[in-house]
Amino acid sequence: MEFWVGQVFNGISYGALLFLLAGGLSLIFGMMRIVNMTHGSYYLLGGYVALTVISRVSNFWLGILGAALVIALIGIGEWNAFLKRLGGQELGQVLTTMGFALIFQDLALVIWGGDPYTIRVPAYLSGTWQVGNLFFPIYRVFIIGVAIVIAVALWLVLERTRIGAMMRATVDDAEMARGVGVNVYLISMAVFSMGAVLAALAGVVAGGFLGVAPGGDFEILPYAFVVVIVGGMGSLKGALVGSLMVGLLDNFGKALFPELSYFTLFAPMAAILAVRPTGLFGRA
Amino acid sequence: MTETALLRHPRTAAIGAALVLLAAPPLLSSFLLTLLTQALVYGILAMSLDLLLGYTGLSSLGHAAYLALGAYSVGILTTRHGANFWVTLMVGVLAAAVAAAIFGLLALRATGVYFLMITLALGMVIWGLAHRWVSMTQGDNGLSGVPRPTGLPWSVAEGVPFYYLVLIAFALAFVVLRTVVRAPFGQTLVGIRESETRMRTLGYHVWLHKYIGFVIAGAVGGFAGVIWAYYNGFVSPADAELATSVEVLLMVALGGRGTLFGPAIGAGVIVMLKNLVSVYTHRWLLILGTVYIGTIVYAPDGIVGTLRSWLAARRRRPVGVAGVVVNPEGGGPHG
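Residue numbers (our numbering), protein chains in the order written: chain A, 117 to 400; chain B, 110 to 444.
Derived from the structure by calculation, the hints contain no laboratory data. Ideal placement from N, C-alpha and C gives every residue a C-beta, glycine not left out. There may be inaccurate statements among the hints.
To be verified - Residues from chain A shown here face chain B by an in silico Cβ test under 7 Å; the list is partial:
no., residue
1, Leu211
2, Pro393
3, Leu396
Isolated chain A, as found in the complex (with noise of 0.2 Å):
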């Protein structure tokens, strides 16, 4: 029972971690058609940079805003000088992103080095919860509020404000959005960075419990991948219910069959895909 228990709870606050990368992806790729293999470059640089903030300022929230703004100004830049005269070329998309994506990861390592790190997290957010035989660490419960507080957030901006309205019409008919008035221009940068951002957010949380070191953005970018591809790409629900099941599946794959545990991410995906080739929320 408590195996049980606490694998749901660590497959939960992991699927939070991925929903908050994801949701990001999903909004990039969805929204703007973008292929963006630098998204896992946006999470590293995101903890990194935190990292470097909270050494000198020692305020984990001045950290996460400083890694916000830092990674809103590199999306900001990549997409203005490179990505946007990309549209609808997804080899161009994915070399380009990927070409940055190497070129982070270079500058990383010169700049903080090949030893990995763990963000210090204020003394409220470490520690345990008991309840009965079963402890929760307090930081993963922090995780999963994140992410429910950016969910909702989220759908907030997209479904009830005008911004939202405005976003949601430049993706469906950018022509007819300029056409109205909307700064298609303007919108999508919007879009861009915000997902970067997210990106980054969710380096910084994860730099508290799986820390941050060379490599951690190739590692994780393919679950941010197999979240959008199962939930759907664009799809905000598509990417809280993705996240979900690959942070399940993740789990109990690694604790029940440690030989097949990716096989086991991975298959059922490729199931969905067989019967919804866009994923279980996507639109064609």
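Given chain A's structure and the hints, the job is docking chain B onto it.
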């Protein structure tokens, strides 16, 4: 100047390239010969992907899977069962072809970004098995001690004979793929790349053509993997990585999509660059990343494509490749 002359006379160019490759070993140091051998292996892989990317217009992001299947077949069969070259060759190519036959059923339900994503995910299945199925693959440690091929009429233990074996493999792959793309089948693939709807209206079985192309590309990719394992003497999950899949895409794009020998040139450039630059600087990832971006910004049609259009501009007539007019926009699927 010589390059343009060579492009103008493809047959002369092919014979010239073959002669250079045949005569190369005595002229090169053993280090450079090793690199050339590696370039030829990656050339096979890049050409196999070109059948999908260049001729059919399908960007596959999981081509490393077939390389890994071929390589792991060799690794497992030689180190555990002492299998000879022919057995590993058959099993390796067959394993890759079977995987492609299964993956194709899933991936070809989608196009564009979705195809890209599904092939990526399927590639990760193979990577996951290589990484985690430790009792079979030794996980991250990889399978070391893969011997040089046995069961051949002559010994290929030394660098030079092995180079010639790889050269034969390369030539074989080139001839097979060129035959495929020049056949009516290959021309149909190009038609599908240009307009799927048109080909369907004309009565072609679009899906079946793509599917067969997908399986052939996978099988040749597996062939490259078999040779790769013998070349490297070592098989590891890195062979199945996403980064490897993207690197092959870069080779094809850099050399020139839809030209078959272009991707082989692209493979050569990248292999040389990676190995030579890393001798002089630790920052070669930075340089490789710049090559990725530079390719898309400055040479979206690749080396061969750019040279061809430059040549065409000088001659002022449409560029034709084997009777197929190259899309001036650089090809690629629409929609």
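For this session: With chain B as the partner, please determine if A/Leu396 meets the hint condition of a C-beta pair closer than 7 Å.
Result: At 13 Å from the nearest chain B Cβ, A/Leu396 fails the 7 Å test, so the hint is violated.
For this session: May I ask you to test the interface hint for A/Pro393 with respect to chain B, counting a Cβ-Cβ separation under 7 Å as satisfied?
Result: 4 Å, holds
For this session: Answer holds if the nearest beta-carbon of chain B is closer than 7 Å to that of A/Leu211; otherwise answer violated.
Result: 5 Å, holds
Of the hints listed earlier, the one the structure fails to meet is number 3.
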